[in-house]
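There are 2 protein chains.
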Amino acid sequence: MGLFTKDIKTLNDLFVHTLRDIYYAEQQIMKNLPDMIEKASDRALKKGFETHLAETKNQIMRLERVFKMHGVEAKGVNCPAIDGILEEASDVAGDVDDKTVLDAALIAAAQAVEHYEITRYGSLIAWAKRLGRNDCAAVLQETLDEEKATDKKLNDMAVSGVNQRAA
Amino acid sequence: MGLFTKDIKTLNDLFVHTLRDIYYAEQQIMKNLPDMIEKASDRALKKGFETHLAETKNQIMRLERVFKMHGVEAKGVNCPAIDGILEEASDVAGDVDDKTVLDAALIAAAQAVEHYEITRYGSLIAWAKRLGRNDCAAVLQETLDEEKATDKKLNDMAVSGVNQRAA
Chain S
1 MGLFTKDIKT LNDLFVHTLR DIYYAEQQIM KNLPDMIEKA SDRALKKGFE
51 THLAETKNQI MRLERVFKMH GVEAKGVNCP AIDGILEEAS DVAGDVDDKT
101 VLDAALIAAA QAVEHYEITR YGSLIAWAKR LGRNDCAAVL QETLDEEKAT
151 DKKLNDMAVS GVNQRAA
Chain B
1001 MGLFTKDIKT LNDLFVHTLR DIYYAEQQIM KNLPDMIEKA SDRALKKGFE
1051 THLAETKNQI MRLERVFKMH GVEAKGVNCP AIDGILEEAS DVAGDVDDKT
1101 VLDAALIAAA QAVEHYEITR YGSLIAWAKR LGRNDCAAVL QETLDEEKAT
1151 DKKLNDMAVS GVNQRAA
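As given, the protein sequences belong to chains S and B, one line each in that order. Position 93 of the first sequence, counted from 1, bears residue number 93 in the working numbering, the numbering being contiguous throughout. Position 35 of the second sequence, counted from 1, bears residue number 1035 in the working numbering, the numbering being contiguous throughout.
Be aware that one or more of the hints could be misleading.
Stated by the list, open to error - Reference listing, derived: stretches of chain S covered by chain B, where coverage requires no fewer than 3 residues with Cβ under 8 angstroms from a Cβ of chain B:
id, region
1, 11-24
2, 80-88
3, 105-117
4, 120-129
5, 152-166
These aren't lab readings, by the way, just hints derived from the structure by calculation. We put the CB at the ideal spot given by N, CA and C, even for glycine.
One chain only, chain S, in its complex shape:
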């Protein structure tokens, strides 16, 4: 969207803008996950990140399907939110001097990413339904369900073992 222009005139414009926001965000997440996989020590956590990398690639393809269904170009827009969340994740990880504490920090960072995705997909699904695009909403819902499951898995890992080893 352009500076000093007001390009979002309808709910459909807002929907397309936010699709492009999360499309950019998913790509940044995909680029950052290999670094998180490398930094994780806990085997289950490492494996969890690997699974999420595969899921993220699939979620990007799902977004491309939604762009196509909705008849708009698949492209990203600048997303300062995910840039900030990932910058903070990298800053904090770089400050941690113990591998079990680093695992706890990585889980928290990954959960911040998940929650960003959960909120964006939630809005997108509500708007898609309101716009009469139940077909798009159904595809986006598949991703939302995956993100919620990933957040829950991360939570279980934190509570069941990673935090305990870090303490």
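Using the hints, position chain B against chain S.
Coordinates of chain B only, in the frame set by chain S:
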């Protein structure tokens, strides 16, 4: 935390760092809410943001109580995540050229903020319990419950009326 130093050596350090992260974040949210109140057209939404401003001030005081209980200085640290989320909220709001669509965008922006807080308080509570600070966890839980309730209220407002008017 310093550049090129690894200042987080224990789970307690990570807990204190993240307390300071959310302390800074709450202050930025407090500074940004008046602008969101001004931009909102829907009366229930405007009132919802006003209520949340009062809650945020209380949440900041609660954090100061936790700092004191835990015997560490109440201060903020740089939090690129909330800076990015708020920058994106402001960018998108500035791009919207219709007041009902703006309300839908404001709700989505506020929900992104809530989800950031939900994830951070969730991690803080898990770590506080693991560190044997159930007293701190209980205070932080009060805020987490408020944030979840706010997110749900925003969701209900979006689904029940704001998105419909925007469509």
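At a Cβ distance under 8 angstroms, does chain B reach at least three residues of the region 105-117 of chain S? holds (count 8)
Outcome, coverage hint (the region 11-24 of chain S, chain B; C-beta under 8 angstroms; three residues): holds (count 6)
Chain B over the region 120-129 of chain S, status - at least 3 residues with CB closer than 8 angstroms: holds (count 5)
Residue count check for the region 80-88 of chain S against chain B: does it reach three with CB-CB under 8 angstroms? holds (count 8)
Given that the region 152-166 of chain S was listed as covered by chain B, double-check it with a C-beta distance under 8 angstroms for 3 or more residues. holds (count 6)
Hint compliance for this structure: no hint is broken.
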